[in-house]
Amino acid sequence: MSIEMEILAELRKVKFDYVITVPCGWLAKLYDLIERESRISLIRVTREEEGMGIGAGIYLGGKRAAMLIQSGGIGNSVNAIASLLKLYKIPLFLLISHRGDLGEKISAQIPMGQTIIPIFDVLNIPYYEIKEQNEIRLISQAFDFMQIAKKPVVVLLSGLLWG
Amino acid sequence: MGVKKFKRIDAIKTIVESLEDKCLIVCNLGFPSRELYSLKDSPNHFYMLGSMGLASSIGLGLALAQKKKKIVVIDGDGSILMNLGSLATITFQSPPNLIHIILDNKGYGSTGGQPTFTANGIDLLKIAHGMGLKKRFRIDQRESLQSLLQKCLEESGPHFIWVDIESGNANVPEIDLDPVMISERFRNHAIKTSQKLNEK
Numbered sequence: 001m002s003i004e005m006e007i008l009a010e011l012r013k014v015k016f017d018y019v020i021t022v023p024c025g026w027l028a029k030l031y032d033l034i035e036r037e038s039r040i041s042l043i044r045v046t047r048e049e050e051g052m053g054i055g056a057g058i059y060l061g062g063k064r065a066a067m068l069i070q071s072g073g074i075g076n077s078v079n080a081i082a083s084l085l086k087l088y089k090i091p092l093f094l095l096i097s098h099r100g101d102l103g104e105k106i107s108a109q110i111p112m113g114q115t116i117i118p119i120f121d122v123l124n125i126p127y128y129e130i131k132e133q134n135e136i137r138l139i140s141q142a143f144d145f146m147q148i149a150k151k152p153v154v155v156l157l158s159g160l161l162w163g
Numbered sequence: 001m002g003v004k005k006f007k008r009i010d011a012i013k014t015i016v017e018s019l020e021d022k023c024l025i026v027c028n029l030g031f032p033s034r035e036l037y038s039l040k041d042s043p044n045h046f047y048m049l050g051s052m053g054l055a056s057s058i059g060l061g062l063a064l065a066q067k068k069k070k071i072v073v074i075d076g077d078g079s080i081l082m083n084l085g086s087l088a089t090i091t092f093q094s095p096p097n098l099i100h101i102i103l104d105n106k107g108y109g110s111t112g113g114q115p116t117f118t119a120n121g122i123d124l125l126k127i128a129h130g131m132g133l134k135k136r137f138r139i140d141q142r143e144s145l146q147s148l149l150q151k152c153l154e155e156s157g158p159h160f161i162w163v164d165i166e167s168g169n170a171n172v173p174e175i176d177l178d179p180v181m182i183s184e185r186f187r188n189h190a191i192k193t194s195q196k197l198n199e200k
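Residue numbers (the numbering used here), protein chains in the order written: chain D, 1 to 163; chain H, 1 to 200.
Read the hints as simulated data drawn from the structure, not as lab findings. Don't be surprised by glycine CBs; every beta carbon is placed ideally from N, CA and C.
No farther apart than 25 Å at their CA atoms in a straight line, the calculated lysine to any residue pairs in the SDA-like style are these:
hint	chain 1	residue 1	chain 2	residue 2
1	D	K63	H	H189
2	D	K86	H	P173
3	D	K151	H	D178
4	D	K29	D	E10
5	H	K5	H	R136
6	D	K89	H	S194
7	D	K89	H	E174
8	H	K151	H	S42
Computed beta-carbon distance windows for the label pairs:
hint	chain 1	residue 1	chain 2	residue 2	range
9	H	P173	D	G163	52 to 60 Å
10	D	R47	H	H129	18 to 26 Å
11	D	P118	H	G112	28 to 36 Å
12	D	R137	H	E166	52 to 60 Å
13	H	G132	D	N79	24 to 32 Å
14	D	K13	H	S38	39 to 47 Å
From the derived model, a few chain H residues whose C-beta atoms are all more than 12 Å from chain D:
hint	residue
15	G107
16	K135
17	D164
Pulled out of the complex, with its shape left as it was, chain H reads as follows (with noise of 0.2 Å):
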């Protein structure tokens, strides 16, 4: 893969830039939902604060329930390896509105960067095949993921997008929200905003 690797953070705030506001976001737990956090705060940001591995599995329920929205997850690759099993639903249910970025840092970076086994190479492209997405990409740069995120927002998926980016985490506070809250707002959202696009 090419040199000019990017942080974490840098690949979240090209993720935030390039989407519309009607994308819903839902974002692992740790240092990546306080970063997305720290970067921007809205009611379409899901943060996850705890159940390691299923941002796959919200994101696939919420691309079932809100079919007129592009659903956006975050995820990691200590995550997705904890929930394989979640990319033979998606193929199965093959949402076309899903839209899953593993943001793979080769380690555990909130419990101070463990290897995982991507370290030891482990393919997540060749389980994504194996597992059926037909729609499946492998990126290390700024442009490239801005370019394949208007894509995917135009064209159906699901689409599975692996991006190779530093270890390391960004110096972001705790999310002081409270989870009910962030639940709540999301929801609400998520609703509202569903039944504008019903209107139109």
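Just chain D, with the same shape it has in the complex (with noise of 0.2 Å):
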């Protein structure tokens, strides 16, 4: 099975309902599944920041969403993060693509890589690092941890997933 095909899988077991995306060229053939996913709708969205108040709202309404982006959207969501989501204790699953790290060919994402890691731990928010394929089951263990843990609970894909 592809690794996009395992990610599904992991998606579909815990049973997610809608699945919010900005686009990251690492994410580019997951976002073609989930598209045709028949249970799970994707939710374009202009900035991450807005994604994460949408979220916010599905789980206020009773259903489940991730954020699927890349890992610079993390800087322009910090504040909906603490004074949203942390302030009301709202679980939102952040499923992010660890751009400028190792496997990165970009050079400017490397600023912004590099400095999510700290970003998480002021904000006290646990990540995940998946960096081999028979790791990707590491999704439903971080999401049914994050349904006791009350708060977004990060899982980062690395570049090495992908060689």
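Build the complex: two chains, separate frames, hints provided.
The following block contains the structure:
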């Protein structure tokens, strides 16, 4: 099974109703798969912060949403993570391609890619990085943990995953 | 526009009195939420306390998750100008149950009344038009807000309602509720009442 099919299987297993996205080249194949998946609706948004608000609304309405974004998008979302998700204890699942780290080809991604881990640390948000295909099951494990932790949880998709 | 403008707290009162209980209300942070809270506290109120700009986004998420309920967003001019992309996303998702109300006092009312760009003539109806929203309205009277809300509750949206209000805040206290209590009470209410709607 391809990496993308395995990730999709995890998203199905968790029973996400919605996946909220801003594009990333590394995730292009995954978007195509999700768009064809009848059980999951893909929501395209204009910026990641906006998506955090939509994800919060979906949770408050009793459904399940994940954000699928690239790491740079965390930069415009810190206020929403702190003063919406954390303030109200809204668990939103953040599935993020870890740009600007191992496997990166674009130098402009590096400054932000090297900044997100300290940001998660100061926000006190748990994060788990998938580097190999056999670690993709971390997605459903992190989701289960998020239900208990009642705060956003991050799963990073390393460039190493795609070799 | 007409001469008889109305205060924001009166606009919020009109909204609350016009709505049925099966609505869910998302209210912008600062004085709008404080005014709503002082008028009436209810489990179907989500009082924003931070994340300025995201009222319409939270409302869109709710509208998608709670398709059988009307979702009413009480937004502001400063707030929507922070998140104009949200209007494009709303158009693309086109939730029929979303009523997006912008109470425009032409300033940042909760930080001392500094002007927003609607004070300089930025036209939110033209923006909404350009963003593809078909059902858009501009009003400045209590009576027209009342009758428009009745229409919006009966017809499919999304609806975009731009309301001219006076500047100034009512003398109302801070919201003394625990944020987690606000979110859990709201979510429990939304889920419980939607189960009842599904049983009907």
